[in-house]
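Each chain, written out:
There are 2 protein chains.
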Amino acid sequence: MTKALDSAALDQIFLAARTFNKFTAEPVSDNMLQQLYDLYKWGPTSLNTQPGRVVFVRSAEAKQKLMPALMPNNVEKTMAAPVVAIVAYDTAFFEHMPTQFPANPGARDMFANNAGLSADTATRNSALQGAYLIIAARALGLAAGPMSGFNPAVVNEAFFPDGCWKANFLINLGWGDPSGNRPRGPRLAFEDSVVMA
Amino acid sequence: MTKALDSAALDQIFLAARTFNKFTAEPVSDNMLQQLYDLYKWGPTSLNTQPGRVVFVRSAEAKQKLMPALMPNNVEKTMAAPVVAIVAYDTAFFEHMPTQFPANPGARDMFANNAGLSADTATRNSALQGAYLIIAARALGLAAGPMSGFNPAVVNEAFFPDGCWKANFLINLGWGDPSGNRPRGPRLAFEDSVVMA
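Chain order of the listed sequences is A and B.
Residue numbering for the first sequence is 12 to 208, as defined by my numbering.
Residue numbering for the second sequence is 12 to 208, as defined by my numbering.
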């Protein structure tokens with residue numbers, strides 16, 4: 012029987028983990044971002060669709076493209092973050108199904124011929140993949156600061172002008188500096204969030 | 012500087028983790044489901060909104076209510092799973108904001124007065140919370156089998172007749188029996204999923 016991770020590991024990924032607003036000056040290497048992908052990519056998606064896409068924004072030019080999309084209170088911390096991950100989805104994700112889900116040869120057409128199913132699958136599963144990215148980053152010792160406070164239309168226009176990819180949410184990434192952490196928010200009681208049936 | 016988890020921990024939550032279709036006969040206790048909530052609840056959500064709700068389906072009666080919603084190929088494994096988590100969202104999640112995000116007294120009304128923002132926030136963040144639940148289950152040694160193959164309208168009618176909560180996706184949970192695992196699917200190459208900018 013598989014055992015629980017030890018308490019230090021549970022602390023690192025959930026119990027003591029925090030949303031970071033500040034990071035050290037240490038850069039995040041190409042190699043580390045590759046390791047991050049090679050970890051979060053294994054999180055499950057519906058029929059192995061993997062609609063999530065990520066733009067890792069590090070250059071000054073790309074940061075400048077992103078800036079006008081940010082809500083004012085997110086500008087300073089995001090411009091200072093070593094990496095900003097734009098978690099997006101590929102609206103044509105189903106074109107990869109022949110290689111990614113070969114067991115079902117009809118899978119591509121099932122999505123390609125059903126715009127509602129495709130859109131639901133892309134948004135839901137890219138969100139799952141963004142959550143895997145957050146936990147995978149923490150598991151590698153990185154700190155994450157996810158945000159929804161931005162204008163997705165501005166990001167889409169600046170980064171995805173052909174309309175095929177669409178932004179879902181943003182995650183600042185780097186080596187955490189806890190001096191920027193806010194007081195931790197509470198969580199709902201079990202009874203307010205969960206029903207046993 | 013925070014270090015990466017050891018390779019056994021990375022294996023357990025991502026690298027060697029699998030979607031399970033079969034579970035041992037060992038039940039999943041109330042205490043374990045409480046531990047699971049007390050782990051995944053710490054995953055971050057936008058403005059600490061925590062819109063995700065979960066129904067842990069274990070009883071024969073509740074399983075019977077769920078059955079008509081399942082796609083035929085998901086019926087047998089789901090009926091046999093010790094627990095089925097219905098990952099849902101509370102459309103009125105913002106009513107908890109005065110206690111969950113007291114720093115911003117306007118947060119409740121910002122969502123209450125903007126149906127589009129509320130719906131996006133509820134669906135996106137309940138998906139994130141479902142992903143945290145999957146990883147938290149693995150971190151505790153449980154096995155997870157997430158599914159989108161069901162009719163949400165039938166689940167909503169059976170479990171949420173007042174319309175306040177809405178189903179997002181399902182996760183079978185139990186102690187894993189790897190004999191039911193399918194061959195592992197591939198993953199997209201870094202270049203097909205990630206852009207460096």
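In short, the hints are calculated from the structure, not lab data.
Take these hints with a grain of salt, some might be off.
Since copy identity is lost for identical chains, a pair holds within one copy or between any two.
Pairs of lysine-lysine residues, derived as BS3-like cross-links and limited to a Cα-Cα distance of at most 25 Å, are as follows [as the list claims (entries may be wrong)]:
| hint | residue 1 | residue 2 |
| --- | --- | --- |
| 1 | K76 | K33 |
| 2 | K14 | K88 |
| 3 | K88 | K74 |
Treating 25 Å as the Cα threshold, decide for K14 and K88: within, between, both or neither.
between (38 Å within a copy, 23 Å between copies)
Could you place K88 and K74 in one of the four classes (within, between, both, neither) given a Cα distance threshold of 25 Å?
within (12 Å within a copy, 47 Å between copies)
Check K76 against K33 for me: Cα-Cα at most 25 Å, and say if that holds within a copy, between copies, both or neither.
Classified as within; 21 Å inside a copy, 48 Å across copies.
The structure is consistent with each of the numbered hints, conforming to all of them.
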